[in-house]
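Engineer: Given the structure of chain R, go ahead and fit chain C onto it with the hints provided.
Heads up: the sequence lines are chains R and C, in that order.
Quick note on this note's numbering: the first sequence kicks off at 1 and runs consecutively.
Quick note on this note's numbering: the second sequence kicks off at 1 and runs consecutively.
Source of the hints: derived by calculation from the structure; they are not laboratory data.
Glycine included, C-beta positions come from ideal geometry on N, C-alpha and C.
Careful, some of the hints might be misleading.
Computed beta-carbon distance windows for the label pairs [claimed, not checked]:
| id | chain 1 | residue 1 | chain 2 | residue 2 | range |
| --- | --- | --- | --- | --- | --- |
| 1 | C | 357 | R | 456 | 47 to 57 Å |
| 2 | R | 15 | C | 35 | 42 to 52 Å |
| 3 | R | 15 | C | 311 | 37 to 47 Å |
| 4 | R | 277 | C | 276 | 51 to 61 Å |
| 5 | C | 350 | R | 376 | 25 to 35 Å |
| 6 | C | 98 | R | 248 | 37 to 47 Å |
| 7 | R | 245 | C | 23 | 55 to 65 Å |
| 8 | R | 163 | C | 287 | 26 to 36 Å |
| 9 | C | 97 | R | 16 | 47 to 57 Å |
| 10 | C | 247 | R | 272 | 31 to 41 Å |
Number of protein chains: 2
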Amino acid sequence: MANTDFDTYLTAHRDEHLEQLRTLLRYPSISTLSAHAADVRDCAQFLGEMAAGIGFEHVELIPTPRHPVLYADWLHAPGKPTVLVYGHYDVQPVDPLELWQTPPFEPDIRDGRIYARGASDDKGQVFMHLKSFEALMQTTGQLPVNVKLCIEGEEEIGSPHLHAVLEERREQFAADVLVISDTTILGPNQPSVCYGLRGLAALEVHVTGANGDLHSGLYGGSIQNPLHALVELLASLHLPDGRVAVEGFYDRVVPLTADERAAFAELSPDDAQLAADLGVPELFGETGYTTLERQWARPTLELNGVYGGFQGEGTKTVIPNQAHAKITCRLVPNQDPREIQDQIAAHLSRHCPPGVRLEVVRQDCGQPYVTPFDHPAIQLAARAYEQAYGVPAAFTRMGGSIPIVETFTRILDVPVVLMGFGLATENFHAPNEHFSLANFDRGLRTLCHYWLGLAEQGV
Amino acid sequence: MANTDFDTYLTAHRDEHLEQLRTLLRYPSISTLSAHAADVRDCAQFLGEMAAGIGFEHVELIPTPRHPVLYADWLHAPGKPTVLVYGHYDVQPVDPLELWQTPPFEPDIRDGRIYARGASDDKGQVFMHLKSFEALMQTTGQLPVNVKLCIEGEEEIGSPHLHAVLEERREQFAADVLVISDTTILGPNQPSVCYGLRGLAALEVHVTGANGDLHSGLYGGSIQNPLHALVELLASLHLPDGRVAVEGFYDRVVPLTADERAAFAELSPDDAQLAADLGVPELFGETGYTTLERQWARPTLELNGVYGGFQGEGTKTVIPNQAHAKITCRLVPNQDPREIQDQIAAHLSRHCPPGVRLEVVRQDCGQPYVTPFDHPAIQLAARAYEQAYGVPAAFTRMGGSIPIVETFTRILDVPVVLMGFGLATENFHAPNEHFSLANFDRGLRTLCHYWLGLAEQGV
Chain R
1 MANTDFDTYL TAHRDEHLEQ LRTLLRYPSI STLSAHAADV RDCAQFLGEM
51 AAGIGFEHVE LIPTPRHPVL YADWLHAPGK PTVLVYGHYD VQPVDPLELW
101 QTPPFEPDIR DGRIYARGAS DDKGQVFMHL KSFEALMQTT GQLPVNVKLC
151 IEGEEEIGSP HLHAVLEERR EQFAADVLVI SDTTILGPNQ PSVCYGLRGL
201 AALEVHVTGA NGDLHSGLYG GSIQNPLHAL VELLASLHLP DGRVAVEGFY
251 DRVVPLTADE RAAFAELSPD DAQLAADLGV PELFGETGYT TLERQWARPT
301 LELNGVYGGF QGEGTKTVIP NQAHAKITCR LVPNQDPREI QDQIAAHLSR
351 HCPPGVRLEV VRQDCGQPYV TPFDHPAIQL AARAYEQAYG VPAAFTRMGG
401 SIPIVETFTR ILDVPVVLMG FGLATENFHA PNEHFSLANF DRGLRTLCHY
451 WLGLAEQGV
Chain C
1 MANTDFDTYL TAHRDEHLEQ LRTLLRYPSI STLSAHAADV RDCAQFLGEM
51 AAGIGFEHVE LIPTPRHPVL YADWLHAPGK PTVLVYGHYD VQPVDPLELW
101 QTPPFEPDIR DGRIYARGAS DDKGQVFMHL KSFEALMQTT GQLPVNVKLC
151 IEGEEEIGSP HLHAVLEERR EQFAADVLVI SDTTILGPNQ PSVCYGLRGL
201 AALEVHVTGA NGDLHSGLYG GSIQNPLHAL VELLASLHLP DGRVAVEGFY
251 DRVVPLTADE RAAFAELSPD DAQLAADLGV PELFGETGYT TLERQWARPT
301 LELNGVYGGF QGEGTKTVIP NQAHAKITCR LVPNQDPREI QDQIAAHLSR
351 HCPPGVRLEV VRQDCGQPYV TPFDHPAIQL AARAYEQAYG VPAAFTRMGG
401 SIPIVETFTR ILDVPVVLMG FGLATENFHA PNEHFSLANF DRGLRTLCHY
451 WLGLAEQGV
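Only chain R is shown next, with the shape it has when bound in the complex:
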């Protein structure tokens, strides 16, 4: 077997693979919307059939109270490492729909990219794993390592049930290394291995005033407007210098080391260029930190949605009786998501203006995660990238959250390798999400090199 037979195979089957990817992307598997529960399940079913077609065995849709976990394995490489591949087949909601240039669930290839919800986060990357195994199986009749698949349908809602599945089935999911492709690389020609992720803590805030909406002429000035109370509360969460004003928020944050700050500085983007690319007048963030430090290693508190009162065309002179906000925090070691939720709830209670009622609802949580980058499984990943891309891989952290990473390390005690193929500009969670076909092609080859490397060198 020549090490690059997979390359010939992938080239020959590219069109067929892209057609299969389109089919996968057509499932509107939005996990947070209960109306899409059947679509989520259908998508899992489709992936399971694809895995079986490749040669995976024990294909199973493990039920949970909401969306199933797809398990499958191929365990016929005695003496070789066992790799657990994690990914997710659920996607984020698609609104505002009117901003999509082509419909989110009708994949469209243009300008060397495939556009669709889930193209990069994370169906496209899950698909590449399956096709890398298919290429090796088709060209060598086997896989170089033992492989287990764990593809879940609840990542975008905080993986509420994977925890329990892993606890119940520790043996079934046991592995020597966990590989996840749900992260980005630094640029189209700059592969990178991510060794840290931020955690997540989500909350909803509800402010209620009168029994119903009131006329602002009759009552304006004599009762608290819930929107006034809400904006005052939300404004109190930050200081003008960009820091989070919640008492205790930074108490457990592990400071960046001088080495890390120096490594980050080398990778630092051109702030002016980034601002121009994003279309903002200037970048803005916590005083005393660079853009990469703010994105990868500092915690945040973001408003994801604020709403109340009249949103239609024209004027409506109303005092609404409700006002709402959705908040998520990105957390870094050693912040604790539940403690952060408590601190925010306490802050909001303490600052609530008179004349309204406040309710804070605690939602999804995910622990932050950082692993040493000198682990062999990480170093082999960097080599695989270099083999496919022709340039050395950088070592990065990432601002996003894959809360389940911390769960995997805690329950399965397995090293985690975050091998991403997305680009930060690919509009995850936003209209016009897309995935670069150049990274699709090179990523498939990176994964094949990695499986072969793990087989040769072990972990």
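Structural biologist: Relative to chain R, chain C alone:
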């Protein structure tokens, strides 16, 4: 002719009148929504036909760039005063629709009230004027005074075109007194004549960040979130003690006199009872003023709507690229609406955080209005109320705005009498708007007494 023949007539025709009122209320004449333009016009047409049926002449739908003004007259009482009756047949939007117990445009009579959008504001009251004239016409063969009708379809969007209509047709609309029924009385058994209204200044605020929505994990902490900028801006508009923080906002406010404050104090509601009725934990407003002073004679700045980002079920980790707010101010003599808009725009520009773009759109304006309450047309109105209700009328001001009042006085130089029949609890601009049938009955008789009083005593 006995002065109370109209009473017998109104009693005999009550069911028929309520059926006609239902028909009027079925028109979804929402002036601010362009999709309802035809409904607005149909409603004007219906009222014009009703006026003609009563005996009005020169019925005309005066076109404007948006919604027509209904004109009609009956001018066969030589030597008697000419009364101009102003009202509006357009209504506010109806969202949130799910909070209506019965559909807003399917009028429902229950508990002695008629429920529908426009029941009290202002179709119900316009309808009473027409029926008071019908009662006098049917029982005496004529009207006691000369009458002109001016019923417009743009009151709820700030009457943008009535001004030009009045300027062009000063002679046609000339009158000795202007009577408007678009206000409230103090209570079911406490009639009142309103001698002052607050003005209005409306604005929209738009904050824009990046080219599109961004992933809060990847970019969170490194760019300004438009929602953060918006809540900071909006929170800066008020001080914690309830005062408006906009520089210059109070500069032109005419202070309440000691006499007015004493008169207001006599009419003052029980704050604890009002809070309980509204369902709020406590009342809240500008330090140093009573509830009535805050509602009638102090200016306000209210957020009527705030929106941006994700509003759906669950969590969406997005940094939205837009955030919006709708603001209206209630103004008192001698504040100038356009100057107030400029002051707010300047305040917002001065306080805008870095990293976003701010746009402030100036919208509707209306001047505040106060008239002396010893004018004979006002005193006769008080007597008419007393004749119908059996108790003396109080003299009040009102927190709402009828911007056109100031326009009428300026263009036509005519005294204005605000004879309202609504109650403050009738949910104008809110779900479950309704109108008391007791006030419907007594209001019809009040108007008849008033026309007869004007004929007897002149103005």
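Engineer: Compare the structure with each hint and give your call.
Structural biologist: Verification of the supplied hints:
1. C:357 with R:456: 47 to 57 Å: With a Cβ separation near 54 Å, residue 357 of chain C and residue 456 of chain R satisfy 47 to 57 Å, so the hint holds.
2. R:15 with C:35: 42 to 52 Å: holds (46 Å)
3. R:15 with C:311: 37 to 47 Å: holds (40 Å)
4. R:277 with C:276: 51 to 61 Å: holds (55 Å)
5. C:350 with R:376: 25 to 35 Å: violated (57 Å)
6. C:98 with R:248: 37 to 47 Å: holds (39 Å)
7. R:245 with C:23: 55 to 65 Å: The hint (55 to 65 Å, Cβ to Cβ) holds, given that residue 245 of chain R and residue 23 of chain C are roughly 57 Å apart.
8. R:163 with C:287: 26 to 36 Å: violated (51 Å)
9. C:97 with R:16: 47 to 57 Å: holds (49 Å)
10. C:247 with R:272: 31 to 41 Å: holds (34 Å)
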